[in-house]
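Chemist: Chains as they are written, first to last, in numbering that gives the first Met the number 0: chain P, 0 to 231; chain H, 0 to 231.
If you are wondering where the hints come from, they were derived from the structure by calculation, not from laboratory data.
Wrong hints could be hidden among the right ones.
The list makes no distinction among identical chains, and a pair is therefore deemed to hold if it is satisfied within one copy or across any two copies.
Unchecked claim - In silico lysine to any residue, SDA-like type, Cα no more than 20 Å apart, as pairs:
hint : residue 1 : residue 2
1    : 214       : 198
2    : 147       : 164
3    : 5         : 69
4    : 162       : 143
5    : 215       : 61
6    : 162       : 221
7    : 24        : 176
8    : 147       : 38
9    : 162       : 133
10   : 5         : 56
11   : 5         : 230
12   : 162       : 140
13   : 162       : 50
14   : 54        : 120
15   : 5         : 146
Note that the structure is a prediction, hence the values are computed from the model and not measured.
Protein chains: 2
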Amino acid sequence: MNEPAKAVVLISGGLDSATVLAIAKNRGYGCYGLSFDYGQRHRLELEAAGRIAEKAECLDHRVMHIDLAGIGGSALTSDAEVPKDGPHRQGEQGIPVTYVPARNTIFLSCALAWAEVLGACDIFIGVNAVDYSGYPDCRPEYIRAYEKTANLATRASVEDGRKIRIHAPLMRLRKADIIRQGLTLGVDYALTRSCYDPTPEGLACGACDACRLRKKGFAEAGSKDPIPYASD
Amino acid sequence: MNEPAKAVVLISGGLDSATVLAIAKNRGYGCYGLSFDYGQRHRLELEAAGRIAEKAECLDHRVMHIDLAGIGGSALTSDAEVPKDGPHRQGEQGIPVTYVPARNTIFLSCALAWAEVLGACDIFIGVNAVDYSGYPDCRPEYIRAYEKTANLATRASVEDGRKIRIHAPLMRLRKADIIRQGLTLGVDYALTRSCYDPTPEGLACGACDACRLRKKGFAEAGSKDPIPYASD
Numbered sequence: 000m001n002e003p004a005k006a007v008v009l010i011s012g013g014l015d016s017a018t019v020l021a022i023a024k025n026r027g028y029g030c031y032g033l034s035f036d037y038g039q040r041h042r043l044e045l046e047a048a049g050r051i052a053e054k055a056e057c058l059d060h061r062v063m064h065i066d067l068a069g070i071g072g073s074a075l076t077s078d079a080e081v082p083k084d085g086p087h088r089q090g091e092q093g094i095p096v097t098y099v100p101a102r103n104t105i106f107l108s109c110a111l112a113w114a115e116v117l118g119a120c121d122i123f124i125g126v127n128a129v130d131y132s133g134y135p136d137c138r139p140e141y142i143r144a145y146e147k148t149a150n151l152a153t154r155a156s157v158e159d160g161r162k163i164r165i166h167a168p169l170m171r172l173r174k175a176d177i178i179r180q181g182l183t184l185g186v187d188y189a190l191t192r193s194c195y196d197p198t199p200e201g202l203a204c205g206a207c208d209a210c211r212l213r214k215k216g217f218a219e220a221g222s223k224d225p226i227p228y229a230s231d
Numbered sequence: 000m001n002e003p004a005k006a007v008v009l010i011s012g013g014l015d016s017a018t019v020l021a022i023a024k025n026r027g028y029g030c031y032g033l034s035f036d037y038g039q040r041h042r043l044e045l046e047a048a049g050r051i052a053e054k055a056e057c058l059d060h061r062v063m064h065i066d067l068a069g070i071g072g073s074a075l076t077s078d079a080e081v082p083k084d085g086p087h088r089q090g091e092q093g094i095p096v097t098y099v100p101a102r103n104t105i106f107l108s109c110a111l112a113w114a115e116v117l118g119a120c121d122i123f124i125g126v127n128a129v130d131y132s133g134y135p136d137c138r139p140e141y142i143r144a145y146e147k148t149a150n151l152a153t154r155a156s157v158e159d160g161r162k163i164r165i166h167a168p169l170m171r172l173r174k175a176d177i178i179r180q181g182l183t184l185g186v187d188y189a190l191t192r193s194c195y196d197p198t199p200e201g202l203a204c205g206a207c208d209a210c211r212l213r214k215k216g217f218a219e220a221g222s223k224d225p226i227p228y229a230s231d
């Protein structure tokens, strides 16, 4: 019997990437979870990522350290205040202050490196162009361009014509549809964390953009969000 | 008087990137040096990078930590033996064992993140398609694809149509020509380190691929290499 094809799956600890992992597994891949400690203010999501990877029986799960906080530039990695109770944007075209510069490009590049070491040709990422329309690195044209770069960057294409594929299966789904798909695949959303600004006890604030989007998604999906909120 | 345009310059501590930094400075950029601690076996090159940045009056110099060694895959970040006395290749198309998976993609992505924070549109990298023909991420088509991705990935193009440019001024130069250009611009090559496998005292081995290429370059340029070698 052949071994299943390997895939590197980016796992943030949130709802989207937990769903992507379930999708990759459902498609028959042997999954290698990759998470990042990049100076984000809440370590809870890394703990969540570990639990999600374990529950989904990832063949391996690594946490790479990258000091993005050292170069600054985002409310998620600096002392800037996380916006509450409504979308907060900066710049004419409305990129959210929680945008981390070039984050997905860095994450995909590290995933690409690991994929190359593993001999994997498939990388899964939970980007979404519907709910995160302000993030430039969540657009389909960005993912396509990255995939092309990845195929020029690596040994796979040069040595034996294998093609690297970047899978973004949530790209065009609304949050409620993501949740419905995850529930069908048996994702345990109690393990996931979405809040940008949890309480010291680890409770989701219920008010930041990420909490609002999540709560709205569960409501529209007609399902109860299994995590507790500080505002409950 | 206007401030000079800012550029992020990748500085490895080697001969090529020291030359690139001099070229960027000569073109009038205010230079921000970026180096990486990625688990490479010799820390000497990071010390060299710091001296090179200081000598060239970089406006800032940062060292980012990324644990590439944790995912393995290269003689430069693992316990694999560094090849001596001739080019050592693996795979049908001859990619050197010293190739680090997706390294330039990761480095460019971190440079892109810092450029975005700084408001810089220009990134300089010392890749070269002549002497490193076996490295997929040193080819001109790779750099062009990365530049396109970078422009889709970031705020600059979305918000105000600024264009990110990836400069690879050494791309088509032979080592001797790189050295000649650097000498013209006043690069102090005594500060640079190229060896893949220096002695415990910090002397270049003189035998690895990087040393051989460097010695040949100086010889062809008709100039004396100012660094000492263990083999001298």
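Chemist: Evaluate each hint against the coordinates.
Modeler: Going down the list of hints, with the structure as the test:
Taking identical chains as interchangeable, the C-alpha atoms of residue 214 and residue 198 lie at most 20 Å apart only when both belong to the same chain, with a minimum of 17 Å there against 59 Å between chains. Taking the shortest alpha-carbon separations for residue 147 and residue 164, both the intra-copy value of 9 Å and the inter-copy value of 18 Å come in at or below 20 Å. For the homomeric pair residue 5 and residue 69, the shortest alpha-carbon distance between copies (18 Å) is at most 20 Å, but the shortest distance inside one copy (33 Å) is not. In this assembly of identical chains, residue 162 and residue 143 lie within 20 Å of each other by CA distance both inside one copy and across copies; the values are 13 Å within and 19 Å between.
In this homomeric assembly, residue 215 and residue 61 never come within 20 Å of each other (Cα to Cα): the closest approach is 31 Å inside a single copy and 41 Å across copies. For a Cα distance limit of 20 Å, the shortest separation of residue 162 from residue 221 qualifies neither inside one copy, at 39 Å, nor across copies, at 44 Å. For the identical chains of this complex, residue 24 and residue 176 are intra-copy neighbours only, at 18 Å inside a copy versus 51 Å across copies, given an alpha-carbon limit of 20 Å. In this homomeric assembly, residue 147 and residue 38 never come within 20 Å of each other (Cα to Cα): the closest approach is 29 Å inside a single copy and 28 Å across copies.
Proximity of residue 162 and residue 133 under a CA criterion of 20 Å is satisfied inter-copy only: 18 Å between copies versus 30 Å inside one chain copy. For the homomeric pair residue 5 and residue 56, the shortest alpha-carbon distance inside one copy (13 Å) is at most 20 Å, but the shortest distance between copies (46 Å) is not. In this homomeric assembly, residue 5 and residue 230 never come within 20 Å of each other (Cα to Cα): the closest approach is 41 Å inside a single copy and 45 Å across copies. For a Cα distance limit of 20 Å, the shortest separation of residue 162 from residue 140 qualifies both inside one copy, at 18 Å, and across copies, at 16 Å.
Neither within a single protomer nor between protomers do residue 162 and residue 50 lie at most 20 Å apart by alpha-carbon distance, with minima of 31 Å and 41 Å respectively. With identical chains, the CA atoms of residue 54 and residue 120 are never at most 20 Å apart, being 23 Å at best within one copy and 43 Å at best between copies. In the homo-oligomer, the alpha carbons of residue 5 and residue 146 lie at most 20 Å apart inside one protomer (17 Å), although the nearest pairing across protomers, at 29 Å, exceeds that limit.
When each numbered hint is compared with the structure, violations occur for hints 5, 6, 8, 11, 13, 14.
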